[in-house]
Amino acid sequence: MALTLDAKIPAGPLAEKWDRHRFEMKLVNPANKRKHSVIVVGSGLAGASAAASLSELGYRVSCFCFQDSPRRAHSIAAQGGINAAKNYRNDGDSVQRLFYDTIKGGDFRAREANVYRLAQVSVDIIDQCVAQGVPFAREYGGLLANRSFGGAQVSRTFYARGQTGQQLLLGAYQALEKEIARGGVAMFERHEMLDVVLVDGKARGIIVRDLRTGEIESHAADAVILATGGYGNVFYLSTNAKGCNVTATYRAYKKGAAFANPCFTQIHPTCIPVSGDHQSKLTLMSESLRNDGRVWVPKRREDCDKDPSSIPEADRDYYLERKYPSFGNLSPRDIASRAAKEACDDGRGVGPGGRGVYLDFGDAIKRLGRQAIEERYGNLFEMYQRITDEDPYTRPMRIYPAVHYTMGGLWVDYNLMSSIPGLHVLGEANFSDHGANRLGASALMQGLADGYFVIPYTIGDYIARTPLPAVSTDHPAFAAAKADVEARTRALLAINGTRTVDSFHRELGKIMWDKCGMARDAAGLRQALEEIPRLREAFWRDVKVLGAAEGLNQSLEKAGRVADFLEFAELMCRDALHREESCGGHFRTEYQTEDGEAKRNDEAFAYVAAWEYAGDGVDPILNKEPLAFENVHLSTRSYK
Amino acid sequence: MHLTLHVWRQASPDQPGRLVEYAAPDISPDMSFLEMLDVVNERLIQRGEEPVAFDHDCREGICGSCGLMINGSAHGPMKLTTACQLHMRSFKDGDAIWIEPWRAKAFPVVKDLVVDRSAFDRIIQAGGYISAATGTPQDANALPIPKPDADWAMDNAACIGCGACVAACPNASASLFTAAKVTHLGALPQGQPERERRALAMVAQMDEEGFGGCTLHGECQEACPKGISIDAIMQLNRDYIRASATKVEVAEWTGAA
Numbered sequence: 012m013a014l015t016l017d018a019k020i021p022a023g024p025l026a027e028k029w030d031r032h033r034f035e036m037k038l039v040n041p042a043n044k045r046k047h048s049v050i051v052v053g054s055g056l057a058g059a060s061a062a063a064s065l066s067e068l069g070y071r072v073s074c075f076c077f078q079d080s081p082r083r084a085h086s087i088a089a090q091g092g093i094n095a096a097k098n099y100r101n102d103g104d105s106v107q108r109l110f111y112d113t114i115k116g117g118d119f120r121a122r123e124a125n126v127y128r129l130a131q132v133s134v135d136i137i138d139q140c141v142a143q144g145v146p147f148a149r150e151y152g153g154l155l156a157n158r159s160f161g162g163a164q165v166s167r168t169f170y171a172r173g174q175t176g177q178q179l180l181l182g183a184y185q186a187l188e189k190e191i192a193r194g195g196v197a198m199f200e201r202h203e204m205l206d207v208v209l210v211d212g213k214a215r216g217i218i219v220r221d222l223r224t225g226e227i228e229s230h231a232a233d234a235v236i237l238a239t240g241g242y243g244n245v246f247y248l249s250t251n252a253k254g255c256n257v258t259a260t261y262r263a264y265k266k267g268a269a270f271a272n273p274c275f276t277q278i279h280p281t282c283i284p285v286s287g288d289h290q291s292k293l294t295l296m297s298e299s300l301r302n303d304g305r306v307w308v309p310k311r312r313e314d315c316d317k318d319p320s321s322i323p324e325a326d327r328d329y330y331l332e333r334k335y336p337s338f339g340n341l342s343p344r345d346i347a348s349r350a351a352k353e354a355c356d357d358g359r360g361v362g363p364g365g366r367g368v369y370l371d372f373g374d375a376i377k378r379l380g381r382q383a384i385e386e387r388y389g390n391l392f393e394m395y396q397r398i399t400d401e402d403p404y405t406r407p408m409r410i411y412p413a414v415h416y417t418m419g420g421l422w423v424d425y426n427l428m429s430s431i432p433g434l435h436v437l438g439e440a441n442f443s444d445h446g447a448n449r450l451g452a453s454a455l456m457q458g459l460a461d462g463y464f465v466i467p468y469t470i471g472d473y474i475a476r477t478p479l480p481a482v483s484t485d486h487p488a489f490a491a492a493k494a495d496v497e498a499r500t501r502a503l504l505a506i507n508g509t510r511t512v513d514s515f516h517r518e519l520g521k522i523m524w525d526k527c528g529m530a531r532d533a534a535g536l537r538q539a540l541e542e543i544p545r546l547r548e549a550f551w552r553d554v555k556v557l558g559a560a561e562g563l564n565q566s567l568e569k570a571g572r573v574a575d576f577l578e579f580a581e582l583m584c585r586d587a588l589h590r591e592e593s594c595g596g597h598f599r600t601e602y603q604t605e606d607g608e609a610k611r612n613d614e615a616f617a618y619v620a621a622w623e624y625a626g627d628g629v630d631p632i633l634n635k636e637p638l639a640f641e642n643v644h645l646s647t648r649s650y651k
Numbered sequence: 043m044h045l046t047l048h049v050w051r052q053a054s055p056d057q058p059g060r061l062v063e064y065a066a067p068d069i070s071p072d073m074s075f076l077e078m079l080d081v082v083n084e085r086l087i088q089r090g091e092e093p094v095a096f097d098h099d100c101r102e103g104i105c106g107s108c109g110l111m112i113n114g115s116a117h118g119p120m121k122l123t124t125a126c127q128l129h130m131r132s133f134k135d136g137d138a139i140w141i142e143p144w145r146a147k148a149f150p151v152v153k154d155l156v157v158d159r160s161a162f163d164r165i166i167q168a169g170g171y172i173s174a175a176t177g178t179p180q181d182a183n184a185l186p187i188p189k190p191d192a193d194w195a196m197d198n199a200a201c202i203g204c205g206a207c208v209a210a211c212p213n214a215s216a217s218l219f220t221a222a223k224v225t226h227l228g229a230l231p232q233g234q235p236e237r238e239r240r241a242l243a244m245v246a247q248m249d250e251e252g253f254g255g256c257t258l259h260g261e262c263q264e265a266c267p268k269g270i271s272i273d274a275i276m277q278l279n280r281d282y283i284r285a286s287a288t289k290v291e292v293a294e295w296t297g298a299a
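Chains A and B, in that order, give the protein sequences. Its first residue numbered 12, the first sequence is counted upward by one per residue in my numbering. Its first residue numbered 43, the second sequence is counted upward by one per residue in my numbering.
A couple of the hints might just be wrong.
To be verified - Chain B residues, not near chain A, derived (Cβ > 10 Å throughout):
{"#": "1", "residue": "R51"}
{"#": "2", "residue": "A65"}
{"#": "3", "residue": "P67"}
{"#": "4", "residue": "L76"}
{"#": "5", "residue": "D80"}
{"#": "6", "residue": "E84"}
{"#": "7", "residue": "G106"}
{"#": "8", "residue": "A175"}
{"#": "9", "residue": "N213"}
{"#": "10", "residue": "A214"}
{"#": "11", "residue": "G233"}
{"#": "12", "residue": "T257"}
{"#": "13", "residue": "L258"}
{"#": "14", "residue": "H259"}
{"#": "15", "residue": "I272"}
{"#": "16", "residue": "M276"}
Unchecked claim - Residues from chain A shown here face chain B by an in silico Cβ test under 7 Å; the list is partial:
{"#": "17", "residue": "Q139"}
{"#": "18", "residue": "L155"}
{"#": "19", "residue": "K189"}
{"#": "20", "residue": "L557"}
{"#": "21", "residue": "L563"}
Keep in mind that the hints were calculated from the coordinates and are not lab data. Yeah, the Cβ is synthetic: ideal placement off N, Cα and C, and Gly gets one too.
Make a model of the complete structure from these sequences and hints.
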């Protein structure tokens, strides 16, 4: 049965939609708010900011995270910065320009109204964070500093050294802890969500596993918010934290929430290359490095093994500056990543296995002095040296693209509600604002916009308009969901095969990277669609998960997550196969221009692909939400 | 490289633990310490033995999840480095390595190398924030903050809450953790209205959790992977004394009065 996807975009001119909507939404009176409960899953930027803000408004909030403290959510690792249309630089920025850059950066595959709202509230985020004590970088005059980021020609990125995500998350975390102390939020650390519970067609609770005791618990509420991040770890190697997973959103998908554009994944151009088979994750080097670093490879293949300092200027190919003179080293991520792949495919890559390009600070150090570079990027340089044992002050860094972020996610309407009534999705977990490619410093902006400034309004409207009879965890729907989760846990433990969970995860990652990674084609995707079910079958027959259902069991946690990745990967490939065009991070080699750029097909594919679960072993149903562009002209994205 | 590991194994909080020896042959110097443990765990699973439980997540030194005593040093031998960023090239072929959890009364062991650090969250709950409800603030640039103040705030805000300071301290004191937050927020104009109450309430909670007192051994700043200076503890002490002198009651602050 196909879904009816109503994006619920408010009427009126773009710039007035959000204001008008805020006025038209119903309010819950302050005395009534405390009668309503909300579950928030995830405690990153989106989850923590939502939980704290909803508690401040008076709702009774329960917040869940799988880490040992909400402060450890993966938002903490974001380095570079957060965009906001403050125009403090007087360099031509505006809400309209941030909106336009984001829509264009996403290769025209995002909703205009959502993106405009994001640009509008971006300015409030900075105010909010400063008030919380986030120590943003400042100029000597005491005012806030900015830097520029890929895909933009204005300087609108606010930052706190190379630890912007950490500082923003600690701001939200501290607000959350304040609300926990006040009694407004009940916090459940080391709890992993394993299912969402629907009563009368509405999301009314979740099933979680207490990771310390192993107990499977039920929690009921009037509405549920998922802020559970992205699914980059489907590739095994990514810049995501080891615990990042698709389980919460995938289980919601299996309960009826549409999954939108799963094939839109972002490959970040500046990561430290893989060093060997033992590699457990990849480390990002902030994109801000491209402000001062110049990307190059040798012009000649035979120079690749030479000491880079011995290669004269004339023999270096600064390929981003050559191909994209107006954006140069600050070209958007998808473009910079593909260009690096091309150079390496051409046999001109450097470092082990020839999968690397140089990011060279020699010129910047000559121009600005070592101290200035140290001030800007000191911690990143140290991190690089620690991992590679090479000194980036004297030898160019080696970088290579790696999976970093997922633009796809659960489909949501303008109110951030999924196709399951009452189930709201925030931050990276939803699909909404970045289209087919996210610009640098926009993830932090979106997570906080959703949590601080969108959901506090829209969830009130949902609660005010919806009859929500009291539901307790004694309801049969909870018992049924709990029994399913327990059965699955038992099944994983009972297999007692011969292969470790990680070995399956690595194998899945390799299939995905080779066939659904930086470049994809129909033949490879079809192959992947045959290989993944085989691997999944092998997993359920031969995985070895030791230990018991009771108590802390990290293998069991991993097994459950990998089991979901093994199903989800198929959905991703299916989406990538059906989208017969190239756009943003989705590059189908069959669809490219003569000079190798992505070739969109707006006639046929200017829509959101929202996949609907139709049962195990049954093809999912493709629902389309057409994207209407009334305020921007659909142009070929050019950064030349 | 061929190594011998002595790893703390403890099945659950209420069972006794012990050090167990494992041979770790064929370890590459390019592996991180946690990747080495991954390899050891994969081999244990293959042999049908339960893998060693340890907390970890981002593996890039920022989430604060990992925390191991490695040969008696919090996060191991390299300064300014978390266990996840420590690489095996810091060790030699044939080395024996002792791996234990953080040892502190306020950090009870959950399993093997995993400890419960929720006491840190409760210290933050006591006052480690600025009360600025969503939507209330003025324009961000309405409040200029001298760069040195902002930098000093950032130096202290860099704490990742890993607990190495507690593990390294002979008294198992959480003073550096608490002081870093008090100093971060106290360095900023936004943090002033709650400054004194914050110091009193956070210190009271720290004591409540069973952390020891600070006797300025300085081991904490040596162990801190983020280089947070013991100067923060001086600041905490000043704030605490000043707050005590102005007789702000903790009870009044927490609303218990």
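10 Å cut-off, C-beta based - L76(B) kept clear of every residue in chain A: Not fine: 7 Å to the nearest Cβ puts L76(B) too close to chain A.
Outside-interface status for A175(B) - nearest CB in chain A farther than 10 Å: violated, 5 Å
Closest CB of chain A to the CB of M276(B) still more than 10 Å away: holds, 20 Å
Closest C-beta approach of K189(A) to chain B relative to 7 Å, hint status: Status holds, d = 5 Å.
Non-interface claim for H259(B), where every Cβ of chain A lies beyond 10 Å: Given that every Cβ of chain A is farther than 10 Å from that of H259(B), nearest at about 26 Å, it holds.
Closest C-beta approach of L155(A) to chain B relative to 7 Å, hint status: With a minimum Cβ separation of about 6 Å from chain B (threshold 7 Å), the hint on L155(A) holds.
Least C-beta distance between G233(B) and chain A, which was stated to exceed 10 Å: violated, 6 Å
Given as non-interface: R51(B), partner chain A, CB spacing beyond 10 Å: Holds, since 13 Å exceeds 10 Å.
Reported absence of N213(B) from the contact zone with chain A (all CB gaps over 10 Å): holds, 23 Å
Outside-interface status for T257(B) - nearest CB in chain A farther than 10 Å: Given a closest Cβ separation of 27 Å, the condition holds.
Non-interface label on A65(B), tested against every C-beta of chain A at 10 Å: Fine: 17 Å to the nearest Cβ keeps A65(B) off the interface.
Consistency of the no-contact label for G106(B), given chain A and a CB cut of 10 Å: Violated, because the least Cβ-Cβ distance between G106(B) and chain A comes to about 6 Å, which does not exceed 10 Å.
Hint compliance for this structure: hints 4, 5, 6, 7, 8 and 11 are broken, all remaining hints hold.
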